[in-house]
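Protein chains in written order, with this note's numbering: chain A, 211 to 464; chain B, 3 to 215.
Among the clues, some could well be false.
Result set (DSBU-like, lysine-lysine): computed pairs, CA atoms no more than 35 Å apart in a straight line [what the hints assert, rightly or not]: (1) K400/A to K95/B; (2) K274/A to K135/B; (3) K458/A to K95/B; (4) K95/B to K432/A.
Just a sample of chain B residues kept apart from chain A, beta carbon distances all over 12 Å, derived [unchecked claim]: (5) L66; (6) Q70; (7) A77; (8) V84; (9) K104; (10) S106; (11) W110; (12) A112; (13) R114; (14) L132; (15) T137; (16) R171; (17) E173; (18) G176; (19) P181.
It should be emphasised that the hints constitute simulated quantities derived from the structure, not laboratory data. Backbone N, C-alpha and C define an ideal beta-carbon position, used for all residues, glycine too.
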Amino acid sequence: MVEFSSADASRSFRSRWPRWLGPTLLSALLLVSGVPRLPAQEPAQQEWIVISGGPALRFFEHGKADSHDKYWGNFIRAAVARLGQLKLQAEGKPGIVITWLVYRPAYASRSREEKLDILPEIVEQANALKVPLLWFDTTDQLINYLNAGQDRKIMPIGALDYFGHSNRACLMFDYSTYFDNMSKGCLHEKDLRLIERKAFLRRAMVKSWGCHSGEDFSLWWKRRFGVPMVGAVGRTDYATASLPYLSKGAKWNQ
Amino acid sequence: MIRVCRSLSLGGLVFSFLSLCQVRGEELPSQAAPPLAPGLPPANPNDGATAPAAEAVSPAQPVLPPLQQAPEPLAPPPGVQVEEFVGHRSYDKDGSGWGWVKRSNDPWSAARWVVLEETPGGVVAPWRLLNKKRTADNDFEYRLRGYFAPFSVYDPHTDEFLAVFVPERMEPIGPAAAPPEHPGPPFHRVRLPDSTSPVSVTDPNIQAPDALR
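All chains should be modelled from the sequences, with the hints used to inform the complete structure.
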C-alpha cells in the first residue's frame, strides 16, 4: 500500500493520474490476486468422507514381478484406521457426519475369486465403527454423492480421504479387476470439473493416500476447488495394518 | 565284366547316396521342420536373393493357441450386436492394449486399437494359453466373434482411455505380417514410468488383522 505523507503529495498524485484510474487499478488488482476471502464461518454441519477403492484380481496379478493386492483388504483396513481417527476428532461435534464409501464391484469380484464373503466383512467393520457405509459401483455414483449426497449448502464436505490405487493423473477405484493392468472405474483429473466447486468447505482437509497423487492430481484439485489435496510424490505402502506410509524417497505434497 | 559294371554302379549309387546324405546333413540341420507357410515374406527380403539355400531352410512351425469359445453366448447391451472380426495381436511394451481389431470386410485402416476383455474361466488373452509370455503370440492373427463395448478403460501406464473388445470366440489363424497401416502399437502421447504402478505391497505374507478375519 502506498502512503503519501502530505496533502501536497496527494494533490500532485491526483493531478498526474485521472480519477477513474484508481478504482480501475484496484479492481484489476483484486482480479489478479483473487477475491479476498472473508474468514469462513464454520458451518453447523459438515460431512467427512472416506473412500475405499478396491483390490485387483489375483488372476491378473499372479506371477507378476510387481504383483499387487496379495491381500484383498489393504484399502479397507487403512480406511478403518482413518475412520477411527476421524471419529475421535469428531467427538463432541454433533454436526459432523462421517461416511464411508466403498467401491463394491472389486470386492464382489475378489470374493468370487477367493470364495470368501468379503462384503459382509466390510459391513461388519462399518457397524463396529458405527459409521454409515455406502457402496458405489460407478464413478458417476461417486460424483453424484459428492455433489448431492447431502444438501451441500447445509452440509458441505469438510474432509475427504482416499485409499486405493492411483497414479499421477487418476484415482483408480479398480485396477486389474476387470482388465489386466487397467481401470474401468476411475476419477481422472480431467473429470474433476464434474464435481461441484461448492461441495467442499473452504477449509476442507483432503488427502489421497494412493501413489503419486501429489505429482499432478493435487495440482488439478487445487485449481478446481481452491482446496489443497495432500498427495504423495512417489509411492505409498499399505504393508502395515494401519495407515499407509510413504515409500523410500517419497514425500507428501499439496 | 557285367559283375564289375554292376559292382561299380552299385558302389557309385552307394557313394552318391552317402555323399548326398552328407551334403544334406550339412545344409539342413533341422530336417524335421516343415516348410515355410506360403505367402509369408522372408524376415529380410534381401536374404532370399543372396542365399537361395535359405529357401529350403524352414523354421519350426509356431505353436498356435487353442481355439476359445465362451461357455455362454454373449449378451451385448441394447443396440450392440455380436459380429465377426479379425484381430491382429500387437504386443505393446509401454501399455496394456492387446492389438488391432477390424470388422472382417473392413480394411486395416479401419481397425481399432483395443483392450481385450478377459473372463477368468472363459475366453482369455491367448498368450496365457501358450507359454505365459505376453509376447508369445505377437503378430498372430485371429478370427474373432464378439463386439466393441460401449465404454472405454483407463491405461494408467500411458494415461489413455482405450476401446474394449469383448470376445465370444477367438480362433487363431496364424502368424501374419503386421498391417502396413498399423505396423505396431499406436504412438503414446505419454509414457508414465514404471514406478507409477499403483500401490505396492512389500510383504507378500501380510495377513489380515484379527478384526478382518
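Now for the hints, and whether the structure bears them out:
1. K400/A to K95/B: holds, 26 Å
2. K274/A to K135/B: holds, 11 Å
3. K458/A to K95/B: holds, 26 Å
4. K95/B to K432/A: holds, 34 Å
5. L66: The assertion about L66/B holds, with a minimum of 21 Å to chain A.
6. Q70: holds, 15 Å
7. A77: The claim stands: A77/B keeps its Cβ more than 12 Å from every Cβ of chain A (closest is about 16 Å).
8. V84: Since the minimum Cβ distance to chain A is about 19 Å, V84/B lies beyond 12 Å and the statement holds.
9. K104: Correct as stated: the minimum Cβ-Cβ distance to chain A is 21 Å, above 12 Å.
10. S106: holds, 25 Å
11. W110: holds, 24 Å
12. A112: A112/B is indeed farther than 12 Å from all Cβ atoms of chain A, at 23 Å.
13. R114: For R114/B, whose nearest Cβ neighbour in chain A is about 16 Å away, the distance exceeds 12 Å, so it holds.
14. L132: holds, 14 Å
15. T137: Its Cβ never comes within 12 Å of chain A, the nearest being 15 Å, so this holds.
16. R171: With a cut-off of 12 Å, R171/B remains clear of chain A, as the shortest Cβ separation is near 19 Å.
17. E173: holds, 21 Å
18. G176: holds, 24 Å
19. P181: holds, 24 Å
Against the hints set out earlier in the document, no violation occurs for any number.
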